[in-house]
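Go by the hints and put chains B, C and D onto chain A.
Number of protein chains: 4
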Amino acid sequence: MSDGYSIDEMEVGQSASMSKTVTEADIVMFAGVTGDFNPAHIDAEYAAASMFKERIAHGMLSAGFISATIAMKLPGPGTIYLGQQLKFKAPVLINDTVKTVVTIKSIDEKRKIVVLDTTCSVAGKTVLAGEATTMKP
Amino acid sequence: MSDGYSIDEMEVGQSASMSKTVTEADIVMFAGVTGDFNPAHIDAEYAAASMFKERIAHGMLSAGFISATIAMKLPGPGTIYLGQQLKFKAPVLINDTVKTVVTIKSIDEKRKIVVLDTTCSVAGKTVLAGEATTMKP
Amino acid sequence: MSDGYSIDEMEVGQSASMSKTVTEADIVMFAGVTGDFNPAHIDAEYAAASMFKERIAHGMLSAGFISATIAMKLPGPGTIYLGQQLKFKAPVLINDTVKTVVTIKSIDEKRKIVVLDTTCSVAGKTVLAGEATTMKP
Amino acid sequence: MSDGYSIDEMEVGQSASMSKTVTEADIVMFAGVTGDFNPAHIDAEYAAASMFKERIAHGMLSAGFISATIAMKLPGPGTIYLGQQLKFKAPVLINDTVKTVVTIKSIDEKRKIVVLDTTCSVAGKTVLAGEATTMKP
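Chains as they are written, first to last, in my numbering: chain A, 167 to 303; chain B, 167 to 303; chain C, 167 to 303; chain D, 167 to 303.
Please note: incorrect hints may appear among the correct ones.
The list makes no distinction among identical chains, and a pair is therefore deemed to hold if it is satisfied within one copy or across any two copies.
Under the rule of at most 27 Å between Cα atoms (straight-line distance), these lysine-lysine pairs were calculated in the DSSO-like manner [what the hints assert, rightly or not]:
hint	residue 1	residue 2
1	255	186
2	186	276
3	253	278
4	219	278
5	186	271
6	276	219
7	276	255
8	219	186
9	219	271
10	265	276
11	255	219
12	271	291
13	219	253
14	239	291
15	239	265
16	291	265
17	253	271
If you are wondering where the hints come from, they were derived from the structure by calculation, not from laboratory data.
Chain A on its own, in the form it takes in the complex:
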């Protein structure tokens, strides 16, 4: 696997994206790995009586898509993840296709720091907004 973009090959405004349809199986496995058995995610009866009317995906699953886009595409393999801010704006439902876009906001060439705007959306509506701080050695 290549080492992705080097610090001088990137520029502010550059972006990358990936999309994935969230399935029931993804939620089951995410719950199993993290231990997050919030009934909103795994109890269909509880969820039916909740404000969202059905089971929703873990917010951190979408955060995982941000991590994936950073690691696989921009800045790409070799990136060190320093921090992430997340604002959960709306739920992701089973069968929603989540589009994750990361866009470079600033580059500090000396310290090798790249800050990216990170957004997950479903059908054009933002479900998760935030900012990633990364280092690309």
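Frame of chain A; chains B, C and D shown alone:
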């Protein structure tokens, strides 16, 4: 499952924790669900030549433990996750036991907002620090 | 588990089969294990705009069913898999039941080599055709 | 996700690769999805008495890495997989890091057909050799 703590049953300083040993299988499954095949996580040869000398867990896996502790313990079932700040301080290696502690920093009874300090540590060393903003209706 | 058929218990024309309904969870897990996040498999919106109109299973999942039929049934446990030719003829959709049939084409008793015709079909239509070369010590 | 390389952006000799360490969890999940419970893969006692002395990965798991490299890298997203020849040369053991390389052998611009040499190796030794036939519309 109970509906966790109501807003007037919680107080600043209150905390809850969970611990989980991170296995190779957790990393494999987390990669599979999120699509984050960063070689730092799934390529032992690449990882051996990296600054960490071996494969490391996804940072968002530890973030998932924070989400789990919030959802399962404090504020507990029924909590709505509004936001999370994450600072990745050190890597989590295969077989590390991650202890996640969430501690209430502030409570806004009117708006039902509970802010928590969130920390993941391995053998007493912080690997992930941050702050969660939640609502408990 | 038995050691399957020995070389002198098999004959040309002998066949075995297995059938499995392909679920969304199978596709999610196959993508997760192999790293094949081809949008044709995991992005329902992309797939809707594609020539197949919906998500399709990985061709290698059906190839895995051939491997399973060889390993479990004919020649059965103890078989060494030497090679496989695969022609992907048509897509497998979620909820399709794939029937895999392996039929012995030739037996070389001296070299212990068994060649099998291998076919996967959905509702009588071939989706994957090919030939397996195996050794049964 | 981009649509990978178009037919006129590729040339004979061009190659792409990915690497993944094969874990016990990968083998367990691959067995579960395909139904290939060959004792060579899932029965450590049987495997200890076999010619390979320990459990080996499914050959079709490595074939899945070829599919992944074709789908994700070269020719990349949008590729239609027409066929694959596979020769299993040596076993893949748990903890082996499999490097998959695909290299373009021929391009038929009129029919949009791209044929690739496909090789999986462990520590420089070929474990799986073969040839893929793809179409890039």
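Here is how each hint holds up against the structure:
no., hint, result
1, 255 <-> 186, "both (18 Å within a copy, 26 Å between copies)"
2, 186 <-> 276, "neither (35 Å within a copy, 32 Å between copies)"
3, 253 <-> 278, "both (26 Å within a copy, 17 Å between copies)"
4, 219 <-> 278, "between (45 Å within a copy, 21 Å between copies)"
5, 186 <-> 271, "within (24 Å within a copy, 32 Å between copies)"
6, 276 <-> 219, "between (49 Å within a copy, 25 Å between copies)"
7, 276 <-> 255, "between (34 Å within a copy, 21 Å between copies)"
8, 219 <-> 186, "both (22 Å within a copy, 16 Å between copies)"
9, 219 <-> 271, "neither (36 Å within a copy, 31 Å between copies)"
10, 265 <-> 276, "neither (32 Å within a copy, 34 Å between copies)"
11, 255 <-> 219, "within (17 Å within a copy, 30 Å between copies)"
12, 271 <-> 291, "within (21 Å within a copy, 31 Å between copies)"
13, 219 <-> 253, "within (21 Å within a copy, 33 Å between copies)"
14, 239 <-> 291, "within (22 Å within a copy, 29 Å between copies)"
15, 239 <-> 265, "both (14 Å within a copy, 20 Å between copies)"
16, 291 <-> 265, "within (10 Å within a copy, 35 Å between copies)"
17, 253 <-> 271, "both (17 Å within a copy, 18 Å between copies)"
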